[in-house]
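Q: Sequence:
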Amino acid sequence: MSLLWRGEIHLGVCLLRSVQTDGRDFATMPLPPIELVAACQPTFPLKKGKRVRIQDVVEHPLLLFESAFSVRMTFDAVCRISQLTPDVMLESHASSNLLALAEGGHGIAVITSLVQTHRYRLRTAQITHDGKLLREPFVIVWDRRRTLPCYANEFCAMLAIHMRQVLPIARLKAIHRSP
1 MSLLWRGEIH
11 LGVCLLRSVQ
21 TDGRDFATMP
31 LPPIELVAAC
41 QPTFPLKKGK
51 RVRIQDVVEH
61 PLLLFESAFS
71 VRMTFDAVCR
81 ISQLTPDVML
91 ESHASSNLLA
101 LAEGGHGIAV
111 ITSLVQTHRY
121 RLRTAQITHD
131 GKLLREPFVI
141 VWDRRRTLPC
151 YANEFCAMLA
161 IHMRQVLPIA
171 RLKAIHRSP
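Position one of the sequence shown corresponds to residue 1 (our numbering), numbered consecutively onward.
Be aware that one or more of the hints could be misleading.
In silico SDA-like links for lysine to any residue, alpha-carbon gap of 25 angstroms or less [said to hold, decoys possible]:
#: 1; residue 1: Lys132; residue 2: Asn153
#: 2; residue 1: Lys47; residue 2: Asp76
#: 3; residue 1: Lys50; residue 2: Ser96
#: 4; residue 1: Lys47; residue 2: Ala68
#: 5; residue 1: Lys50; residue 2: His10
#: 6; residue 1: Lys48; residue 2: Ala68
#: 7; residue 1: Lys48; residue 2: Ile161
#: 8; residue 1: Lys47; residue 2: Pro86
#: 9; residue 1: Lys50; residue 2: Gln116
#: 10; residue 1: Lys50; residue 2: Pro149
#: 11; residue 1: Lys50; residue 2: Ile140
#: 12; residue 1: Lys48; residue 2: Glu136
#: 13; residue 1: Lys50; residue 2: Thr74
#: 14; residue 1: Lys50; residue 2: Leu114
#: 15; residue 1: Lys132; residue 2: Asp87
#: 16; residue 1: Lys47; residue 2: Glu103
#: 17; residue 1: Lys50; residue 2: Ser70
#: 18; residue 1: Lys47; residue 2: Leu133
Keep in mind that the hints were calculated from the coordinates and are not lab data.
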């Protein structure tokens, strides 16, 4: 947000919770939400299906983003309110590390729907809690004190359309590469 505040960039794309404002300085436009996804080796003993309960995920060794990540905070909060104790095998800031270890059968990577998995031989499933998908609101943000360039509104609309076409979790399938 500091880059927006200083006028060094026109737009930012982030999780809504990272926009710390009283609403007067920054404006937001919603994008499709980011979902938490479990990724594991196709033969890993995680229940099959497009969706998996968080209770079923935490029964296995977990490969998680570091605790400073917002989506990790969401995962940890849901575990706390559900009185679940996750078995954290590894934390990383790099999704590629998590996915490589998951592909090797070392656990379940908890990633977001933004993470590209097509380079890995993985099975993915949306994570749910009490029957609801674990989601984080995702937004485009700008400083309303500054005039946006003329292309900015069109870019925002095109990005929202593109994300709806490319990232719907229903289209997230296990994409296998040749061994």
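Q: Indicate, hint by hint, whether the structure satisfies it.
A: Hint check results:
1. Lys132 x Asn153: Given pair Lys132, Asn153 is violated - Cα atoms ~32 angstroms apart, limit 25 angstroms.
2. Lys47 x Asp76: OK: Lys47 and Asp76 at ~21 angstroms, within 25 angstroms.
3. Lys50 x Ser96: holds (22 angstroms)
4. Lys47 x Ala68: violated (29 angstroms)
5. Lys50 x His10: violated (37 angstroms)
6. Lys48 x Ala68: With a Cα-Cα distance of about 30 angstroms, the restraint between Lys48 and Ala68 is violated, given a limit of 25 angstroms.
7. Lys48 x Ile161: violated (30 angstroms)
8. Lys47 x Pro86: holds (17 angstroms)
9. Lys50 x Gln116: The given pair, whose Cα atoms are some 17 angstroms apart, holds under the 25 angstroms limit.
10. Lys50 x Pro149: violated (41 angstroms)
11. Lys50 x Ile140: With Cα atoms ~28 angstroms apart, Lys50 and Ile140 exceed 25 angstroms; violated.
12. Lys48 x Glu136: holds (24 angstroms)
13. Lys50 x Thr74: holds (20 angstroms)
14. Lys50 x Leu114: holds (16 angstroms)
15. Lys132 x Asp87: Given pair Lys132, Asp87 holds - Cα atoms ~22 angstroms apart, limit 25 angstroms.
16. Lys47 x Glu103: holds (16 angstroms)
17. Lys50 x Ser70: holds (23 angstroms)
18. Lys47 x Leu133: Since the Cα atoms of Lys47 and Leu133 sit roughly 16 angstroms apart, the hinted pair holds (cutoff 25 angstroms).
Consistency with the previously given hints fails for numbers 1, 4, 5, 6, 7, 10 and 11, ordered from lowest to highest.
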